[in-house]
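Engineer: The residues making up each chain are set out below.
Protein chains: 4
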Amino acid sequence: MSTSKELRSDIAWSTADRVVVKGFDLAKDLLGQINLGDMAFIEIFDRLPTSDESVMLNALLVSFVEHGLTPSALVTRLTYLGAPESFQAAIAAGILGLGTVFVGTVEGSARMLQEALEGVPSEEPLDTIAKEIVARHRQANQKIPGIGHPIHKPIDPRAERLLEIATDCGFSGRYVQLMWLVSRVASEHYSKTLPVNVTGAIGAIASEMAIPWNVCRGLGVIARSVGLIGHIREEMGQPIAREIWFRTEAEATRHLRPDL
Amino acid sequence: MSTSKELRSDIAWSTADRVVVKGFDLAKDLLGQINLGDMAFIEIFDRLPTSDESVMLNALLVSFVEHGLTPSALVTRLTYLGAPESFQAAIAAGILGLGTVFVGTVEGSARMLQEALEGVPSEEPLDTIAKEIVARHRQANQKIPGIGHPIHKPIDPRAERLLEIATDCGFSGRYVQLMWLVSRVASEHYSKTLPVNVTGAIGAIASEMAIPWNVCRGLGVIARSVGLIGHIREEMGQPIAREIWFRTEAEATRHLRPDL
Amino acid sequence: MSTSKELRSDIAWSTADRVVVKGFDLAKDLLGQINLGDMAFIEIFDRLPTSDESVMLNALLVSFVEHGLTPSALVTRLTYLGAPESFQAAIAAGILGLGTVFVGTVEGSARMLQEALEGVPSEEPLDTIAKEIVARHRQANQKIPGIGHPIHKPIDPRAERLLEIATDCGFSGRYVQLMWLVSRVASEHYSKTLPVNVTGAIGAIASEMAIPWNVCRGLGVIARSVGLIGHIREEMGQPIAREIWFRTEAEATRHLRPDL
Amino acid sequence: MSTSKELRSDIAWSTADRVVVKGFDLAKDLLGQINLGDMAFIEIFDRLPTSDESVMLNALLVSFVEHGLTPSALVTRLTYLGAPESFQAAIAAGILGLGTVFVGTVEGSARMLQEALEGVPSEEPLDTIAKEIVARHRQANQKIPGIGHPIHKPIDPRAERLLEIATDCGFSGRYVQLMWLVSRVASEHYSKTLPVNVTGAIGAIASEMAIPWNVCRGLGVIARSVGLIGHIREEMGQPIAREIWFRTEAEATRHLRPDL
Chain Z
1 MSTSKELRSD IAWSTADRVV VKGFDLAKDL LGQINLGDMA FIEIFDRLPT
51 SDESVMLNAL LVSFVEHGLT PSALVTRLTY LGAPESFQAA IAAGILGLGT
101 VFVGTVEGSA RMLQEALEGV PSEEPLDTIA KEIVARHRQA NQKIPGIGHP
151 IHKPIDPRAE RLLEIATDCG FSGRYVQLMW LVSRVASEHY SKTLPVNVTG
201 AIGAIASEMA IPWNVCRGLG VIARSVGLIG HIREEMGQPI AREIWFRTEA
251 EATRHLRPDL
Chain R
1 MSTSKELRSD IAWSTADRVV VKGFDLAKDL LGQINLGDMA FIEIFDRLPT
51 SDESVMLNAL LVSFVEHGLT PSALVTRLTY LGAPESFQAA IAAGILGLGT
101 VFVGTVEGSA RMLQEALEGV PSEEPLDTIA KEIVARHRQA NQKIPGIGHP
151 IHKPIDPRAE RLLEIATDCG FSGRYVQLMW LVSRVASEHY SKTLPVNVTG
201 AIGAIASEMA IPWNVCRGLG VIARSVGLIG HIREEMGQPI AREIWFRTEA
251 EATRHLRPDL
Chain G
1 MSTSKELRSD IAWSTADRVV VKGFDLAKDL LGQINLGDMA FIEIFDRLPT
51 SDESVMLNAL LVSFVEHGLT PSALVTRLTY LGAPESFQAA IAAGILGLGT
101 VFVGTVEGSA RMLQEALEGV PSEEPLDTIA KEIVARHRQA NQKIPGIGHP
151 IHKPIDPRAE RLLEIATDCG FSGRYVQLMW LVSRVASEHY SKTLPVNVTG
201 AIGAIASEMA IPWNVCRGLG VIARSVGLIG HIREEMGQPI AREIWFRTEA
251 EATRHLRPDL
Chain B
1 MSTSKELRSD IAWSTADRVV VKGFDLAKDL LGQINLGDMA FIEIFDRLPT
51 SDESVMLNAL LVSFVEHGLT PSALVTRLTY LGAPESFQAA IAAGILGLGT
101 VFVGTVEGSA RMLQEALEGV PSEEPLDTIA KEIVARHRQA NQKIPGIGHP
151 IHKPIDPRAE RLLEIATDCG FSGRYVQLMW LVSRVASEHY SKTLPVNVTG
201 AIGAIASEMA IPWNVCRGLG VIARSVGLIG HIREEMGQPI AREIWFRTEA
251 EATRHLRPDL
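In order, the protein sequence lines correspond to chains Z, R, G and B.
Per full-length UniProt numbering, the very first residue in the first sequence carries number 1; after that it's consecutive.
Per full-length UniProt numbering, the very first residue in the second sequence carries number 1; after that it's consecutive.
Per full-length UniProt numbering, the very first residue in the third sequence carries number 1; after that it's consecutive.
Per full-length UniProt numbering, the very first residue in the fourth sequence carries number 1; after that it's consecutive.
You can take every hint at face value.
Since the list can't tell identical chains apart, any single copy or any two copies may satisfy a pair.
Computed cross-link-like contacts, DMTMM-like style, restricted to lysine to aspartate or glutamate with a CA-CA straight-line distance of at most 25 Å: (1) K28 - E208; (2) K131 - E208; (3) K28 - D52; (4) K143 - E115; (5) K5 - E234; (6) K28 - E53; (7) K22 - E6; (8) K153 - D17; (9) K192 - E160; (10) K131 - E160.
The hints are simulated quantities; they were obtained by calculation from the structure and are not laboratory data.
Taking the hints into account, I'd like the entire structure generated from these sequences.
Structural biologist: Shown next as structure tokens:
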């Protein structure tokens with residue numbers, strides 16, 4: 001079949017006595033010495049994090065793990081109800097809804113910021129760029145990613161704390177400033193409080209850390225998979241999925257039943 | 001529709017200014033202070049880990065993150081090829097194969113150990129129990145979970161290191177001893193080296209930490225989702241999925257083609 | 001890398017002017033001439049169905065398509081809520097719960113029947129076999145697959161109709177008889193009506209058609225994916241997922257909230 | 001929690017002796033009388049298809065079922081390798097890659113055609129609209145959906161046959177004409193043969209049948225789930241997944257290994 005491209009991967013290899021990941025001997029260099037968030041850092045950057053990077057990335061990930069009975073958690077519980085033998089399938093099902101509406105929105109804010117500052121000299125004032133962003137979304141009648149929250153007003157406590165950590169760890173530069181400015185300009189334009197929300201904060205800080213926007217959704221996916229384990233564990237002992245199903249079915253089809 | 005059961009979850013709740021997870025204020029108590037593995041600990045145990053527990057659980061999780069171009073990694077890359085807009089779907093697809101053959105096997109070893117020692121007084125000798133386990137699997141012609149590895153011989157370096165950390169952290173008790181004994185007895189019975197492999201070590205240590213066996217597969221799922229991000233990132237810049245597809249298709253259907 | 005096994009697939013191949021599936025020219029021999037159920041038949045049996053086989057397999061599949069607001073349908077709707085751009089992910093999520101509790105149970109009844117009659121001479125009386133099956137499940141304290149239904153009593157209307165079609169189409173042989181006998185013996189033993197349910201009927205008829213038990217779960221998966229499309233379509237115009245989420249979250253975490 | 005919206009679904013309901021789908025008694029009105037493609041029609045249109053509609057929709061679906069060892073089929077096989085106990089998970093994994101690159105492209109062509117003709121009077125000439133479509137895609141440097149194929153040249157045999165059936169069944173109107181014109185205009189502009197491909201034909205015909213573009217991806221998902229069953233069945237007896245894994249791993253990591 002003519003010439004073919006070589007298959008090549010630089011991530012990991014193993015022999016009888018070693019597993020090597022990104023040049024690190026997994027057993028000798030990593031186990032017992034780094035935490036799970038650091039390992040995510042290695043997967044993204046091919047090197048160990050500094051202490052600040054470790055704190056920052058772990059904080060970003062931890063902020064995403066748990067938000068209670070989200071649609072994602074309900075999906076995992078309802079899937080577990082039907083296939084308790086497939087733990088992995090219940091987690092995977094819960095992950096599948098992390099798209100453009102929930103969690104995946106972190107990708108939107110990171111992309112907006114990274115594209116806005118790509119190739120822009122560091123002396124260029126950010127307020128003009130913020131105004132352009134708001135104007136462009138307004139014209140296209142699009143929601144601005146990373147600002148506003150239905151519940152957390154006037155400020156999302158997770159966003160505030162993450163940005164505080166970012167300052168401490170040296171990740172509060174132009175992306176974070178631009179995110180703040182977008183929030184301020186948009187709040188004025190729309191005459192309502194549109195605070196930087198948690199996905200906006202994560203998108204901005206991830207940009208400061210040089211995480212490409214198209215990898216950011218992955219942070220949410222990792223984190224939520226951790227949280228979904230807690231939901232399966234609770235569902236095992238204190239189930240709600242079956243009751244949700246019964247109630248929904250009864251209420252939603254009541255009008256169709258001749259006998260009721 | 002008669003009486004219905006109350007829906008109740010004790011995991012998390014949020015108001016305008018707080019997100020509370022297992023009684024912890026997410027922003028104030030957790031962000032910047034714990035790592036992702038610790039957050040997994042909270043999801044499983046409803047409390048913060050001790051320092052030893054933190055090291056141990058993070059080590060278990062890190063040991064699982066990356067094993068190179070596994071079937072799971074190939075699945076994620078091939079899914080990304082068709083749906084690059086659905087990052088979460090590529091991760092979810094990769095997770096779906098973590099069943100009874102790969103990774104999910106950790107559940108098998110943890111279950112075997114936990115069921116064997118349930119209600120057994122601590123003075124009862126473990127070698128009899130190990131012999132029973134091996135005999136039972138032999139009779140039923142079943143593979144013993146947690147021992148043997150096609151590549152890592154005579155000892156799986158990850159298993160060895162994890163058990164070393166377990167000793168340091170105080171998690172090397174009767175479950176670990178029983179796992180060693182099962183390995184030794186089985187090696188004698190089958191006259192070949194059947195070392196404790198990484199899933200055996202994780203299963204034993206997880207049992208020492210009091211993680212229920214039916215949650216153990218979740219540890220592998222969390223960990224692998226971290227690793228799969230590295231594979232998507234590599235596939236973005238240095239793709240192999242399309243080439244695997246083309247080669248496989250060409251070779252596997254060659255005999256059907258009239259013109260070749 | 002030493003010798004490697006040849007990759008070989010006999011399913012399909014294509015050239016510039018042809019797509020050939022199982023020896024059939026897709027465009028010339030199949031399109032416009034067979035229906036979707038027949039195509040499933042070709043995938044399972046590598047040949048076209050007879051007229052009776054076409055009616056029977058389509059009936060089995062149609063019987064599975066829709067059962068209203070099942071957990072599976074709720075999962076699809078809740079996933080669509082978060083990732084409306086990934087239609088395929090919403091369907092896939094809904095499919096993931098078709099395990100050992102719902103739909104996948106068809107595998108259980110088919111396996112029970114196929115294993116019970118494997119190598120059994122056709123003159124051997126079935127009632128002894130039925131008694132053995134019931135006794136074995138009773139001893140092991142296991143639910144007998146294929147009988148009993150929480151709602152459809154004394155008889156599942158889908159089961160009854162499918163078995164009628166099976167008689168008309170020549171698929172009512174020893175597997176169907178054995179299924180009936182298991183239902184009768186079990187009803188006596190447990191002193192309650194345990195009718196052949198729809199998964200029992202499908203498992204028995206699929207066995208008559210010589211569909212291996214380990215493929216039977218696939219029939220349910222195909223069929224439900226058809227039904228899930230209807231649920232996404234309805235969710236688009238008449239959504240319920242968000243309301244289910246809000247209500248569940250509010251009720252289940254009410255006891256945790258200090259202000260309520 | 002204040003007022004809540006009513007949950008309502010009009011799809012199906014069941015009682016002890018009936019399962020009713022879209023007003024049809026499943027057992028009495030549908031089983032044995034319609035095929036699986038017709039059931040898909042009911043899910044989309046809430047009514048039975050005419051004879052022409054039945055032939056047409058089944059042909060669209062059948063055309064999508066099987067295209068050999070696609071990435072999707074490889075994903076299903078590799079997932080089955082790790083989790084053979086979760087048939088449904090292997091199918092779901094294969095479905096997840098049906099996104100914007102493969103199969104899901106049918107959504108693109110249907111959307112392009114439906115948006116182009118929305119509110120356009122039937123006497124308005126189509127060639128101007130086709131030119132606008134081509135020009136717009138050219139300006140935006142976007143691929144035009146529904147035309148061109150890497151293998152099937154000068155014409156995709158499935159597309160040709162589907163359009164023939166569409167003529168016979170009365171589904172060859174302005175959407176189909178517009179699709180042809182787009183193909184012709186684009187072929188001129190780009191000076192190469194860009195035939196209507198199978199997703200273009202399906203997109204156009206689905207539009208003729210009044211299937212909304214945002215449901216079209218679902219047709220591909222249903223159909224491919226049928227085909228994936230054939231791939232699992234073949235993988236059971238004539239496996240290739242393990243060999244693909246071993247070869248890929250060996251070749252792709254060869255350069256990392258010190259001993260080779």
